[in-house]
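Peer 1: As you go down the protein sequences, you meet chains A and B in turn. With our numbering applied, the first sequence has no gaps in its numbers, which climb one by one up to 336 at the end. With our numbering applied, the second sequence has no gaps in its numbers, which climb one by one up to 1336 at the end.
Because the hints were derived from the structure by calculation, they are not lab data. No incorrect hints appear here.
Heads up, simulated DMTMM-like pairs for lysine to aspartate or glutamate below, C-alpha to C-alpha not over 20 Å straight-line: (1) A:K20 <-> A:E318; (2) B:K1273 <-> A:D270; (3) B:K1107 <-> B:E1165; (4) A:K61 <-> A:D25; (5) A:K46 <-> A:E85; (6) A:K89 <-> A:D294; (7) B:K1273 <-> A:E58; (8) A:K212 <-> A:E304; (9) A:K20 <-> A:D334; (10) B:K1107 <-> A:D277; (11) B:K1046 <-> B:D1144; (12) B:K1020 <-> B:E1080; (13) B:K1087 <-> B:E1136; (14) A:K107 <-> B:D1277; (15) A:K61 <-> B:D1270; (16) A:K20 <-> A:E130; (17) A:K273 <-> B:E1165; (18) A:K87 <-> A:E136; (19) B:K1273 <-> A:E165; (20) A:K26 <-> A:E58; (21) A:K273 <-> B:D1270; (22) A:K89 <-> A:E136; (23) B:K1046 <-> B:E1130; (24) A:K61 <-> A:E318; (25) A:K46 <-> A:E32; (26) B:K1089 <-> B:D1294; (27) A:K273 <-> B:E1058; (28) B:K1212 <-> B:D1197; (29) B:K1020 <-> B:E1032; (30) B:K1061 <-> A:D270.
Take a look at the letters that make up each chain.
Number of protein chains: 2
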Amino acid sequence: MFDFKELGTHDWGLTTSLMKSLYLDKELMLREVPVPRRAPGEALIKVLLAGICGTDREILKGYSAFRGIPGHEFVGRVVECDNSEWKGKRVVGEINLACGHCTWCAKGLGRHCPTRTVMGIVNRPGAFAEYVTLPEVNLRSVPDEVSDQAAVFTEPVAAACEILEQMTIAPGTRVAVIGDGRLGLLVVQVLKQAGADVTLIGRHGWKLDLAKSWGVRVISEGARELAPNSIPITVDATGSPRGLGEALRLVEPRGTVVMKSTFHGTANLDATKLVVDEVTLLGSRCGLFAPALDSLRRGRVTVESLITRTFSLNQGLEAFAYLNQNSVLKVLLDMR
Amino acid sequence: MFDFKELGTHDWGLTTSLMKSLYLDKELMLREVPVPRRAPGEALIKVLLAGICGTDREILKGYSAFRGIPGHEFVGRVVECDNSEWKGKRVVGEINLACGHCTWCAKGLGRHCPTRTVMGIVNRPGAFAEYVTLPEVNLRSVPDEVSDQAAVFTEPVAAACEILEQMTIAPGTRVAVIGDGRLGLLVVQVLKQAGADVTLIGRHGWKLDLAKSWGVRVISEGARELAPNSIPITVDATGSPRGLGEALRLVEPRGTVVMKSTFHGTANLDATKLVVDEVTLLGSRCGLFAPALDSLRRGRVTVESLITRTFSLNQGLEAFAYLNQNSVLKVLLDMR
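Using the sequences provided together with the hints, build the complete structure.
Peer 2: In structure tokens, the structure reads:
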């Protein structure tokens, strides 16, 4: 049943124990694979909850040519490790596995290390399984005040916080976020906490209502309440060429368009607007976990209300099918 | 011969004198039009030399839907004005005519004023004529040390300098400039003066040789000497989707791609690279004349060797035809 070759070049080692996983090989399937054996310096982690994200859906469509176990949003408990301090700890894990030696790693930017692997995305098995391994340096301890259901959002909250690592947003600055999906609803909260004057543009009444309940100004897509060229900072969180085009349409001269979502393909942008209005387009990806965990601990970001439904790992294929419906926010897999 | 309606909404007023001009109306033609009458606060300027730039060629292809007299690179002499101090002065002119009252103008960014006109580009007659008018606030006096042939480069040198207004480039930073045309050859000089470690990538041996004579490292396009994802700052000065793609290919994670050239259409960019590598794309357009004139006065930028040929205004159509040949740098029109 288990074909070692298909797992790529990673040295899993083999144990006698098997575990359940969601496995992508041309298509996604439920598969039993050996429980991974941790390398020195790594921890073996029992996955408690994992979240499905837009990138996972892009991966299923061919993004990053990934084969193996996807999944990079998780909370788990350490069952084996070198450093005994981690044993039994509830943890989340930074998803980029960096070399630790290159100039990027030296700058603290291991998430741009050119030889990195990325859990569940690039050459490294992910968290849609009963167990996963990660280097101990990637682990972050989850504070007791943060529930499993909140901790599983650490990675996407960190991605939202990344915008603030990349640019300064003065208090009161007008920001328009395009896209009322999972990521957009985190971005509006993080930017609002940072003091920005945030408007969310989306197409789903109930998602917009959720944002409104947090005090965020919302606009239905197509309402065109905002004038073109009028907003200093716009964020595309739709992960679609359409959303990016709207973000560019709204941004003012010398303003910044943040590309917060991955999509697999070509961004078609109005070259004249970019140059004549001297717009800055800023790609934005993974963020640091520490500020994200801190936001979750202080309750500055509401995440549990974003959970639409939780499936067991056995129901994993059903979970992906469910996610392809329109009116869904976060879908979790529960391995507890 | 002169059809007032075709000149658009600008209130030229009419004088009895006529002047020669290059006039765009569906196609470019040589046309006699009335010498423009200056409005209060404006100066009437006898054009001495004018330069043809890539934007002019885009305008002929339909960019900005311009009709009238194109031309925005010029040096001239003031013949009429309100403030007598300008009378007889040799001048260049900032090309954006701003309202002076809006928030952009208040920030000193009149070149982004939303109601601006732009000489020879947006709703304002340009300099491919014997005379042109401009507000006195747009004029800059040309120092005696700067020849007509150098002064006519003030606008493109300012555009090259604009990069340094928009971003900080630490001394020794590696920069790759794509495109060995007029603008690219100015950009490499300005960035080299600023202390950057500049490489020019181009496809014309003799243009690359010129840059080499200034001590710039050069690479023939296609030689692929530079590794992908290896350069902190890349500049597209080709004004083509191809050049922009190459600039994005070369830029390193967290690096900046400067879009220094206008092109009329859609920029097709690798969305994954932009987001995953957190690239900044920076549109860059017009710059301030003061630092450009200063660079020319100090001889920090070599411009006269970029002049391939000078035509009379009567030969204006021939000049554009000549420019469409491959091996041309700057082509001037001489109205002296």
